[in-house]
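Colleague: As given, the protein sequences belong to chains E and L, one line each in that order.
Residues 1 to 405 (the numbering used here) make up the first sequence, in order.
Residues 1 to 405 (the numbering used here) make up the second sequence, in order.
No wet-lab data here; the hints were simulated from the structure.
Each residue gets a CB set at the ideal place from its N, CA and C atoms; glycine is no exception.
Careful: at least some of the hints might be erroneous.
Partial list, computed: chain L residues near chain E (C-beta under 8 Å) [what the hints assert, rightly or not]:
#1 Ala33
#2 Ser44
#3 Pro47
#4 Gly100
#5 Tyr101
#6 Pro284
#7 Phe324
#8 His329
#9 Asp335
#10 Asn384
#11 Phe387
#12 Glu390
#13 Asn391
#14 Ile400
With a cut-off of at most 30 Å between alpha-carbon atoms, the simulated BS3-like pairs for lysine-lysine come out as follows [as the list claims (entries may be wrong)]:
#15 L/Lys36 x E/Lys240
#16 E/Lys298 x L/Lys30
#17 E/Lys130 x E/Lys62
#18 L/Lys130 x E/Lys36
#19 E/Lys177 x L/Lys388
#20 E/Lys396 x L/Lys240
Protein chains: 2
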Amino acid sequence: MMNIKFYVITLVLTSLLGTSAIAKQENSIKPSAAMKRYQEMWESKNPYDNEFYSSFRYKPLKGLEMEEGVSRRDASQILKVADTYYVYYTKVDMKNGVVGYAKADATTPANTWDLADIFYATSKDTYTWKEQGLAIPRGPKGEFDDRSVFTPGVLAWQGKYYLYYQAVKAPYNQRTKNVIGMSWADSPEGPWHRHPEPVLTSGKSGVWQGEKPIRSLIEKEGDFDSLKVHDPFLLVFNGKIHLYYKAHPMGLSGQLKLTYPDFSGGLAIAESPFGPFIKHPQNPVLNSGHEVVLWPYKSGVAALVTANGPEKNTIQWSPDGVNFEIKAHVVLPPDAAGPYVPDAYTDTKDGQGITWGISHIAQRKNQPWPHLMRFQTDLTGTNNRKFKRENIRFSKDALIQSDKR
Amino acid sequence: MMNIKFYVITLVLTSLLGTSAIAKQENSIKPSAAMKRYQEMWESKNPYDNEFYSSFRYKPLKGLEMEEGVSRRDASQILKVADTYYVYYTKVDMKNGVVGYAKADATTPANTWDLADIFYATSKDTYTWKEQGLAIPRGPKGEFDDRSVFTPGVLAWQGKYYLYYQAVKAPYNQRTKNVIGMSWADSPEGPWHRHPEPVLTSGKSGVWQGEKPIRSLIEKEGDFDSLKVHDPFLLVFNGKIHLYYKAHPMGLSGQLKLTYPDFSGGLAIAESPFGPFIKHPQNPVLNSGHEVVLWPYKSGVAALVTANGPEKNTIQWSPDGVNFEIKAHVVLPPDAAGPYVPDAYTDTKDGQGITWGISHIAQRKNQPWPHLMRFQTDLTGTNNRKFKRENIRFSKDALIQSDKR
Chain E
1 MMNIKFYVIT LVLTSLLGTS AIAKQENSIK PSAAMKRYQE MWESKNPYDN EFYSSFRYKP
61 LKGLEMEEGV SRRDASQILK VADTYYVYYT KVDMKNGVVG YAKADATTPA NTWDLADIFY
121 ATSKDTYTWK EQGLAIPRGP KGEFDDRSVF TPGVLAWQGK YYLYYQAVKA PYNQRTKNVI
181 GMSWADSPEG PWHRHPEPVL TSGKSGVWQG EKPIRSLIEK EGDFDSLKVH DPFLLVFNGK
241 IHLYYKAHPM GLSGQLKLTY PDFSGGLAIA ESPFGPFIKH PQNPVLNSGH EVVLWPYKSG
301 VAALVTANGP EKNTIQWSPD GVNFEIKAHV VLPPDAAGPY VPDAYTDTKD GQGITWGISH
361 IAQRKNQPWP HLMRFQTDLT GTNNRKFKRE NIRFSKDALI QSDKR
Chain L
1 MMNIKFYVIT LVLTSLLGTS AIAKQENSIK PSAAMKRYQE MWESKNPYDN EFYSSFRYKP
61 LKGLEMEEGV SRRDASQILK VADTYYVYYT KVDMKNGVVG YAKADATTPA NTWDLADIFY
121 ATSKDTYTWK EQGLAIPRGP KGEFDDRSVF TPGVLAWQGK YYLYYQAVKA PYNQRTKNVI
181 GMSWADSPEG PWHRHPEPVL TSGKSGVWQG EKPIRSLIEK EGDFDSLKVH DPFLLVFNGK
241 IHLYYKAHPM GLSGQLKLTY PDFSGGLAIA ESPFGPFIKH PQNPVLNSGH EVVLWPYKSG
301 VAALVTANGP EKNTIQWSPD GVNFEIKAHV VLPPDAAGPY VPDAYTDTKD GQGITWGISH
361 IAQRKNQPWP HLMRFQTDLT GTNNRKFKRE NIRFSKDALI QSDKR
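Make the full structure from the sequences, and use the hints.
Modeller: Here's what the structure looks like:
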């Protein structure tokens with residue numbers, strides 16, 4: 001029976017393609033799989049001719065250098081209002097160090113983003129910054145944001161400013177769910193008005209047993225963001241507010257064929273900054289990444305995907321903000337980047353790309369205080385040769401140290 | 001006419017799939033492009049469950065540490081004979097530095113692989129090495145290998161040993177073609193017998209004008225390896241000697257849709273170590289990479305693709321040694337790796353993978369002498385958790401220094 005069906009298909013295909021086409025195909029040498037990808041996926045372009053390929057250069061930021069006993073991390077995208085640049089970030093008093101979830105108490109943070117408030121700094125020249133002070137404090141005791149607020153993303157919308165951020169209610173332990181909170185202001189300098197409810201929460205949960213090791217968790221399919229909704233990043237696209245976020249399923253993914261990646265990117269869309277933010281039915285829209293970084297590019301949306309997942313260290317692009325394809329493999333991308341995205345909120349269909357931003361340097365043994373750093377790149381499609389260099393090499397010390405947190 | 005054909009196809013498909021399957025497909029939400037790739041390309045696996053994903057750890061090599069005035073680089077794959085490990089490598093006397101092609105003379109090298117000879121070292125424990133001396137000297141004056149011999153690959157075949165290496169005839173300038181030369185011995189310690197002719201040469205050339213800038217070269221389609229046949233790497237697969245090599249076209253690729261990538265991997269197959277080495281008709285078999293590193297894995301061949309090209313920093317695999325697919329994205333892979341490949345020459349159909357090898361640290365301003373280093377990994381499919389770590393971070397200094405050669 002099957003043979004007859006295949007015979008029918010062959011007949012149909014033969015009549016569609018014509019016998020000469022089939023003969024021609026047989027006579028030519030088939031390109032290797034790599035050469036086929038080079039022509040189709042990579043459009044026969046070396047990285048230096050690929051508008052999505054760039055290297056990254058790093059410089060310390062004047063005014064926001066490493067400070068003993070202080071954690072500054074998770075830069076928001078950079079906002080420009082009149083001639084001033086603004087960055088918002090997580091700030092934690094680490095003068096007593098960080099002690100882990102088990103030992104943390106009301107005044108001693110578990111980690112470099114616990115007991116955090118959101119601070120901000122300004123600059124005129126993008127190189128020299130001045131910390132201006134507190135933007136968003138933790139919420140009142142008993143509220144959803146009473147333990148920590150961190151990883152801000154910023155939105156300018158119809159003359160007002162909105163900060164979105166992770167929020168944690170005490171007690172904070174390894175599997176405490178975060179939510180996304182929001183505050184708004186008439187000026188990027190505040191005063192900020194706290195929205196009394198989260199604007200985004202996790203999806204339905206799976207079930208798990210125990211905290212460690214993570215691999216012993218019993219998988220029970222929860223939504224792709226059933227544990228984490230992290231790292232909000234705001235764009236205006238197709239006339240609507242797009243809130244992209246990092247997501248993490250409650251159960252361990254990867255053991256069942258249909259589970260979700262451990263780290264992925266979700267999208268929730270709203271018509272008002274106050275919500276409701278409706279999660280996209282095709283979520284997750286990114287299958288890899290850690291902090292979420294995007295920008296309008298040409299008629300679509302580009303994403304920098306870093307640190308985690310099968311497609312880490314790639315630049316991706318989607319025509320619709322939803323269906324992303326890999327466009328370049330990059331080396332040494334910024335950690336938790338907050339790029340300056342000139343057209344983040346203009347609802348452009350001709351996105352100009354990015355050239356700089358602020359990333360953080362995470363804590364490590366010999367420099368335990370996370371701090372902010374400036375990066376430069378060229379993801380504008382102008383193909384600035386300066387940023388097209390490949391074969392980026394590392395010193396002996398960098399190689400050895402990469403192993404040590 | 002077309003409508004009738006499509007109608008026939010639809011009928012055939014409907015009878016094959018059944019109407020209920022088609023209805024089901026229409027009712028379900030289409031996964032995002034990223035989720036489709038996660039399920040299909042990545043087989044629903046996070047990197048820690050991906051047999052092709054590994055991190056890399058680095059340690060200095062006792063006995064082959066950086067030495068002032070000496071270049072040691074381009075480690076061969078590691079050969080094990082009885083209880084001794086052998087590595088062959090490029091060695092250059094740099095006591096007068098390196099001076100570039102224009103200023104180089106009969107005794108002063110242009111670069112860290114000019115005026116090179118091939119040396120070797122041995123180890124019993126893989127951590128402590130002893131340089132044993134010269135293996136392959138430059139050839140007699142006027143011969144194809146009279147200026148420099150470097151980047152060795154080693155083959156054990158029917159009780160004898162073969163070294164393959166790049167060879168340059170004087171004068172050496174930026175666009176001098178290299179060839180692959182060979183020497184053989186009854187013992188891995190020599191004495192080595194020089195084969196009087198190259199075993200592999202470049203393909204037909206394009207035409208170019210001027211040396212700089214490279215982008216002003218006039219493209220005229222030459223073979224994919226019309227400038228470079230570099231970095232020989234030897235495996236036995238399907239009963240034949242497989243010589244993989246780095247290739248570079250003479251003209252600038254990437255401007256015409258059908259040209260070749262700037263850096264790619266070629267394959268030449270022989271039944272005897274003396275050749276003839278027949279270039280594979282589907283060349284290039286890799287569209288990216290710099291030094292060429294491969295190993296038998298399960299029933300096929302795996303490749304570590306680094307440094308250059310659209311698919312840099314990937315592990316790839318092919319069932320046939322020719323058609324490679326991306327299997328993992330890796331971070332900080334070894335530069336010019338010479339892995340220990342236990343079954344490189346056994347014609348296995350159950351390749352065991354690699355766990356360690358020797359890479360080089362290229363020259364840079366503050367450490368101008370290339371030298372060898374040990375790396376460790378787990379690409380054996382045992383999924384050693386120690387090497388599954390992601391989110392590999394860099395110190396501030398590593399980030400800043402990455403920019404400086």
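Colleague: None of the hints should be skipped; say for each whether it holds.
Modeller: Here is what the structure says about each hint:
no., hint, verdict
1, Ala33, "holds (4 Å)"
2, Ser44, "holds (5 Å)"
3, Pro47, "holds (6 Å)"
4, Gly100, "violated (18 Å)"
5, Tyr101, "violated (19 Å)"
6, Pro284, "holds (6 Å)"
7, Phe324, "holds (5 Å)"
8, His329, "holds (6 Å)"
9, Asp335, "holds (6 Å)"
10, Asn384, "violated (13 Å)"
11, Phe387, "violated (11 Å)"
12, Glu390, "holds (5 Å)"
13, Asn391, "holds (4 Å)"
14, Ile400, "holds (5 Å)"
15, L/Lys36 x E/Lys240, "holds (25 Å)"
16, E/Lys298 x L/Lys30, "holds (25 Å)"
17, E/Lys130 x E/Lys62, "holds (8 Å)"
18, L/Lys130 x E/Lys36, "violated (45 Å)"
19, E/Lys177 x L/Lys388, "holds (26 Å)"
20, E/Lys396 x L/Lys240, "violated (38 Å)"
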